[in-house]
Amino acid sequence: MANMGLVLPRPQVSALKIWQRNLLVWRKLLGPSMAFSFGEPVIYLLGLGYGLGQFIGEVGGIPYFTFLAAGLLAASAMNVASFEGMFSVFTRMTHQQTYDAILATPLTVDDIVAGEMLWCATKSLLNTLPILVVAFLLGAIRDWSALGAIPVFFLVGLCFAGPALVMAALAASYDFFNYYTTLLVTPMFIFSGVFYPVATLPAVAQVVVNILPLSHAIALIRPLVAGQPLVDPVLHITVLVVYASLGYAAASVFIRRRLIR
Amino acid sequence: MSLVPPPPDAVVVARGLTKRFGERTVVCGIDLTIPRGGCFGLLGPNGAGKTTTLRMILGQSPMSGGTLSVLGLPMPAAIREIHARTGVVPQSDNQDPDFTVVENLRMYARYFGLRPAQVAGRIDELLGFLELSDRRDALMRELSGGMKRRLSIARALINDPEFIMLDEPTTGLDPQVRHLIWTRLRKLKTSGKTLLLTTHYMDEAERLCDQLVVIDRGRIVTQGSPRGLIEQHVEPHVIEVQGEAGSVVPVLGNIPGARLLTVGETHYCYASELGPVLARLETVPQLRYTHRTANLEDVFLKLTGHELRE
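Read top to bottom, the protein sequences are chains H and F.
Residues in the first sequence are numbered from 1 upward in steps of one, following my numbering.
Residues in the second sequence are numbered from 1 upward in steps of one, following my numbering.
Calculated from the structure, these hints are not laboratory results.
The C-beta atom is built at its ideal place from N, Cα and C for all residues, glycine as well.
You may find that some hints are simply not true.
As the list claims (entries may be wrong) - If you anchor each label on the Cβ, the simulated ranges turn out as follows: (1) Gly72/F to Asp232/H: 51 to 59 Å; (2) Pro7/F to Ile150/H: 58 to 66 Å; (3) Trp182/F to Leu246/H: 49 to 57 Å; (4) Gln20/H to Pro62/F: 26 to 34 Å; (5) Thr91/H to Ala77/F: 28 to 36 Å; (6) Leu30/H to Arg136/F: 18 to 26 Å; (7) Gln20/H to Trp182/F: 31 to 39 Å; (8) Ser191/F to Phe176/H: 42 to 50 Å; (9) Leu137/H to Arg136/F: 37 to 45 Å; (10) Val234/H to Asn46/F: 56 to 64 Å; (11) Arg136/F to Phe176/H: 36 to 44 Å; (12) Ile150/H to Gly172/F: 46 to 54 Å.
Isolated chain F (complex conformation) (with noise of 0.2 Å):
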């Protein structure tokens, strides 16, 4: 439990958040603190407990332990005014198949109590936003990965939110489409609006995130800005290996203050001084490398192991 009394105006503020699935616990009592403005990444391997945790504090699933409070709200009590001021991207896009693009953000308009005729220049501005106003009248089996995942962005704006849950928003699509989000996303961040993201994609948490948590086995590993956490958790300079293990790991392992860690065929040699390690790698010149500042996917592979998950 942390001690420090969370901001006044934060925008989730959960504490011992716990779910268990019969014997199996999924979340671990965490402490989960998300500032208002900005966009806070939740980062983990497959099965650490990010859709849960998000399913919670959007009260999907209910929670086994803990209090919860989201935008000021207590969470069930208050689910549908929280509601009504949340928009959510969800994981998979579920966009109804038997209407338009037009037809389903008015729909979704009216679940918030929002009549058509009040939406009409929202809906025009969202199109817009996400570059979609040449598909308003096209159906859903019309539309590419991409374009359906702009129309989930769109739906979860129509109530003019001051909090959006993207639960891995850009999985599956290709870099232009995941280039057209990241700017829509840092517009919305620009604009006030706070942002809750999970993905595993770590050059996404790096570009979008103010301050993010790492979970693992429903456990908090670590939590900071994705500088920061760079800075805390891995030496500034990596070198990178492709290679067979038996080739690589005599020439790269045990060098003073360098670390090596080997996920499949790829080695990286985390180093404080660049020197010592090149110095090394002259020695077998057959040996292809490349050499790179530290990222956040090093920080992730550190924390979180590199065996498989499922």
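Next up, chain H with everything else stripped away, as it sits in the complex (with noise of 0.2 Å):
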């Protein structure tokens, strides 16, 4: 059993049930899980959009106002998938040893990877959606097709949420999650076009930025909220999957480690 960690996961649909649990918490804790997710995305596009909009006038032929909502959107649909995976994930699997109780049931470790991750998606698409309403009403969506950028939020959520759970995993306490946060998450937020194009960086930072999962998420929302033709859709909703399914591959492993020892 020395190679514990390293069998290909196998899921069954009662990994369905872990996130039908994680569901019926949402629903009772919607208030403050709104005001996280939603409160400082709406008070960035409200603050940068009003504000630096009157500057910018327009970026690509898009209204800084729509660029900015597009980017803010993709940026959402980040956070709350890997707050939701190193955050939540790690107090279910210490303090509150939710996984130990399940565990004692038929799920497996497989089933608590595979229903956290499309629990994390799910959440990006629920706590993203009320951030689309928002922008609408002031405005700031351009084209219905800003419709199919709802399952996008679900795909973004899905590639953050491997590499979350994994942190968890290897998390001894909260504290832990301020490298990933400091090291991955800001400077994503920050460099990977959600204020501004990338093409604007210098040459070696647009490569960087562009192995990233982030920008070919702005990739695909931006043109969608605008109205504009997809540029490489193929590319983007790709790497996309690779990280999602590179992560999950890893979240399998280490999460096993943590909790089958």
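Put the two chains together into one complex, using the hints given.
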């Protein structure tokens, strides 16, 4: 059994029970959950969108308000999945011992990882959707094609869930998540094209940014919100799917090592 | 290795069960046969390997060696099916704090593939059985320790298991709750369930267990029924004296047919005949003592020693 951590994950449909559990808890804690993931992007949208929008006007043929709204939607999907996958999963794994209780039932670690990934993606969608509504009400949405961004929120959530679960599996305490947030989440938020086009960065920085997933999420969401044609959609979707798959594989290994000793 | 084949309907059959964490061997190749029906006890001091053994039987800790079958099925290959027929009361309560009592039971039933409508009657029954009916809509923070523990037991029964594993089910509870839990566990026994219990309370083991093993440092030290073990290992009379070793040992040491064991400031004098010990005690009338019959705690202290374990 020495290779316990390296077997192929074999989740079953029962993984959806984990997803269902989290959805039921989410419904109970709707207020604080929304305030956290909804408040900040809306403040950015209003503050920077109206403020900077006056000076900037248009970026690449898109009004700055719309440009920024698209970036913030992608960033929200990233943040929601990252924080759920780190803080909430860590709480369920340690303080609440939720997984210990679940592992005494027919569900397995593979179900937990699959269920949590699906849940993180669902929460990205659920908590980002209201921002889309606000952006629409404020006139930032230029076309009905924006509805096509909704499944992208889910895919972005899936993409960021895996690494977050790995962080949760490695963490000794909540403070550990500062490394991931400071070294990856915040730099992506600033450099991946939320506030300005990636093309304005130096060439080397552009390479790095294009390896990371957030720029690809924005490249999909922005044209949909602005009513412009998608550029290289297959490439961007592939990058997100590859990140989601690798993240899932890594999360399976690390969560298993943490829970099955 | 035992050469006697286990009974065909045994609930747990472990052979050479071993667990290593790196260089450290926590469970050293134990053989264990838990027959169907009744309560089987797993006793031992802290760090003896009880919880690790339990976790291996449950498949939550991979074995480093040996073979294990639970409910006639191979562990870990058949883990989902074994879990579907097993109930677990964990050492620390781990209900969902965001759910009420009844929501916790409903959610747990879903993990077993049981829909809320299917288990509504069963939930009412279990809440009644554990005297929680009036707390069904309470949140976890509104429950006392004893209520949470009773909810853990109710939750472990949601799938109507044949086999129930309880890891120190009454640790930290007041005497009333302990008695309530013991009564319920005895009822489960008479209804045909098989119970596997770990505890460091010897009175609990004596009350509940039909068979037990004492493990220490990852090895089985002895096994048998509580009564059989007491008769086998300990003299029938026990005189307990409190006091400094200097004032007690000279009085009770070196009595023919008796043996003195000191644990802290308590001295246990084990004797097959009471007369010689009482005669010696009469010489020192200021020494206060109690006389009782031998119990499982005496067996435990004799076999696992009396030094402190962490």
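Consistency of the hints with the structure:
1. Gly72/F to Asp232/H: 51 to 59 Å: holds (57 Å)
2. Pro7/F to Ile150/H: 58 to 66 Å: The hinted range 58 to 66 Å holds for Pro7/F and Ile150/H, with Cβ atoms some 59 Å apart.
3. Trp182/F to Leu246/H: 49 to 57 Å: Once the Cβ atoms are compared, 52 Å apart, the range 49 to 57 Å for Leu246/H and Trp182/F holds.
4. Gln20/H to Pro62/F: 26 to 34 Å: At roughly 28 Å between Cβ atoms, Pro62/F and Gln20/H fall inside 26 to 34 Å, so the hint holds.
5. Thr91/H to Ala77/F: 28 to 36 Å: holds (32 Å)
6. Leu30/H to Arg136/F: 18 to 26 Å: With Cβ atoms ~23 Å apart, the hint holds.
7. Gln20/H to Trp182/F: 31 to 39 Å: holds (36 Å)
8. Ser191/F to Phe176/H: 42 to 50 Å: holds (47 Å)
9. Leu137/H to Arg136/F: 37 to 45 Å: Holds: the Cβ-Cβ distance is about 42 Å, inside 37 to 45 Å.
10. Val234/H to Asn46/F: 56 to 64 Å: At 59 Å between Cβs, range holds.
11. Arg136/F to Phe176/H: 36 to 44 Å: holds (39 Å)
12. Ile150/H to Gly172/F: 46 to 54 Å: holds (49 Å)
Violation of the numbered hints given earlier is absent; every hint is satisfied by the structure.
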